[in-house]
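Top to bottom, those sequences are chains A and B. This note's numbering applies: residue 1 is where the first sequence begins, and numbers increase by one. This note's numbering applies: residue 1001 is where the second sequence begins, and numbers increase by one.
Rather than coming from a laboratory, the hints here were simulated on the basis of the structure. Computed from a predicted structure; not experimentally measured. For every residue, glycine included, the Cβ atom is placed at its ideal position computed from N, Cα and C. Please note that a few of the clues may not be correct.
[What the hints assert, rightly or not] One-sided excerpt, in silico: chain B residues whose CB lies under 7 Å from chain A: (1) 1042; (2) 1043; (3) 1045; (4) 1092; (5) 1103; (6) 1106; (7) 1107; (8) 1108; (9) 1109.
[Claimed, not checked] The calculated label-pair distances, taken between Cβ atoms and stated as ranges, are: (10) A/1 <-> B/1014: 30 to 40 Å; (11) B/1030 <-> A/28: 23 to 33 Å; (12) B/1020 <-> A/18: 41 to 51 Å; (13) B/1101 <-> A/20: 20 to 30 Å.
[Said to hold, decoys possible] Straight-line Cα separation of at most 25 Å, PhoX-like style, residue types lysine-lysine; simulated pairs: (14) A/71 <-> A/94; (15) A/42 <-> B/1103; (16) B/1103 <-> A/71; (17) B/1007 <-> A/37; (18) B/1103 <-> A/94; (19) A/22 <-> B/1103; (20) A/98 <-> A/37; (21) A/98 <-> B/1065; (22) B/1007 <-> B/1103; (23) A/71 <-> A/42; (24) B/1103 <-> A/58; (25) A/57 <-> A/37; (26) A/68 <-> A/42; (27) B/1103 <-> A/68; (28) A/57 <-> A/98; (29) A/68 <-> A/98; (30) B/1103 <-> A/98; (31) A/71 <-> A/57; (32) B/1103 <-> A/37; (33) A/57 <-> B/1103; (34) A/42 <-> B/1007.
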Amino acid sequence: GENVEQHPSTLSVQEGDSAVIKCTYSDSASNYFPWYKQELGKGPQLIIDIRSNVGEKKDQRIAVTLNKTAKHFSLHITETQPEDSAVYFCAASKGTDKLIFGTGTRLQVFP
Amino acid sequence: SAVISQKPSRDICQRGTSLTIQCQVDSQVTMMFWYRQQPGQSLTLIATANQGSEATYESGFVIDKFPISRPNLTFSTLTVSNMSPEDSSIYLCSVLSTQEGEKLFFGSGTQLSVL
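The shape of chain A in the complex, shown without the other chains (with noise of 0.2 Å):
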C-alpha cells in the first residue's frame, strides 16, 4: 500500500525566511497530494493541494511542488510569519482511496 514520508520533522525560521517542507510517496498511481496545517487545539486545516496533472500551485505565500518522476512533492512557504507556527501533515490518495498522511512537521518562526 501507499506510504508518504515528511521531512524534517520540526523546523525552526527565523520571521521573513522561508520554510520547506518535503514528502516523498511509494505509489506511482497517487494523484492527489493535499497538505494540512494543524495549530494546537484544532482540527487540521486544507492550505493547498495539488492533482498529477499539475507541476506546481500557489496561493500567496505558500505554493507546492510535484515531481512525479521521483514521487515527492514540497511545500513551499515564503516570507514566514509567527502565525505560520503549526504543524504540517502532507498526504497522498490515488482515486477514491483513503488519503495517507505524513508524519508530520513541527514549524517554529521566531520573531
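Dock chain B against chain A, hints included.
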C-alpha cells in the same frame, strides 16, 4: 468549505466508561470519516461512516470498540467504548466535499483523556 461542528471539544473520562462524539455538518455530504490522532502523532483513519448502513472499519479497528452511527447526510456519531488510557487521543470527524473538487475537511476534534 463545509462547516463541521464537533462536540464535545474535550473530555476526561474514567476507565471502563464510554463516550459518544457528535459531528454535525452544515450541508449534505456523501462521505464522512472518523480519524484518531494519538499524542504527537499523525492521523489514522478509523472508519468510513456510511449513511443507512454499517460503517466500514480500517484494519485494527472494530465495531464493538468504536460503534458509529450515520442517520442522515449531515450527522454522525462515534462512540469510544470501554475506554482505557490507551484510548487517550484526539478524535476527528472529516467530510469529503465535492464543491471544489473532492477535498477532505476536518472538524475541530475531540480531545479525550482517559484516567
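A quick look at each hint next to the structure:
no., hint, verdict
1, 1042, "5 Å, holds"
2, 1043, "5 Å, holds"
3, 1045, "5 Å, holds"
4, 1092, "5 Å, holds"
5, 1103, "6 Å, holds"
6, 1106, "4 Å, holds"
7, 1107, "5 Å, holds"
8, 1108, "5 Å, holds"
9, 1109, "5 Å, holds"
10, A/1 <-> B/1014: 30 to 40 Å, "37 Å, holds"
11, B/1030 <-> A/28: 23 to 33 Å, "28 Å, holds"
12, B/1020 <-> A/18: 41 to 51 Å, "44 Å, holds"
13, B/1101 <-> A/20: 20 to 30 Å, "25 Å, holds"
14, A/71 <-> A/94, "13 Å, holds"
15, A/42 <-> B/1103, "18 Å, holds"
16, B/1103 <-> A/71, "21 Å, holds"
17, B/1007 <-> A/37, "21 Å, holds"
18, B/1103 <-> A/94, "13 Å, holds"
19, A/22 <-> B/1103, "21 Å, holds"
20, A/98 <-> A/37, "19 Å, holds"
21, A/98 <-> B/1065, "21 Å, holds"
22, B/1007 <-> B/1103, "22 Å, holds"
23, A/71 <-> A/42, "30 Å, violated"
24, B/1103 <-> A/58, "17 Å, holds"
25, A/57 <-> A/37, "17 Å, holds"
26, A/68 <-> A/42, "32 Å, violated"
27, B/1103 <-> A/68, "20 Å, holds"
28, A/57 <-> A/98, "22 Å, holds"
29, A/68 <-> A/98, "19 Å, holds"
30, B/1103 <-> A/98, "11 Å, holds"
31, A/71 <-> A/57, "16 Å, holds"
32, B/1103 <-> A/37, "14 Å, holds"
33, A/57 <-> B/1103, "16 Å, holds"
34, A/42 <-> B/1007, "13 Å, holds"
Violated hints, listed in ascending order, are 23, 26; each of the other numbered hints is respected by the structure.
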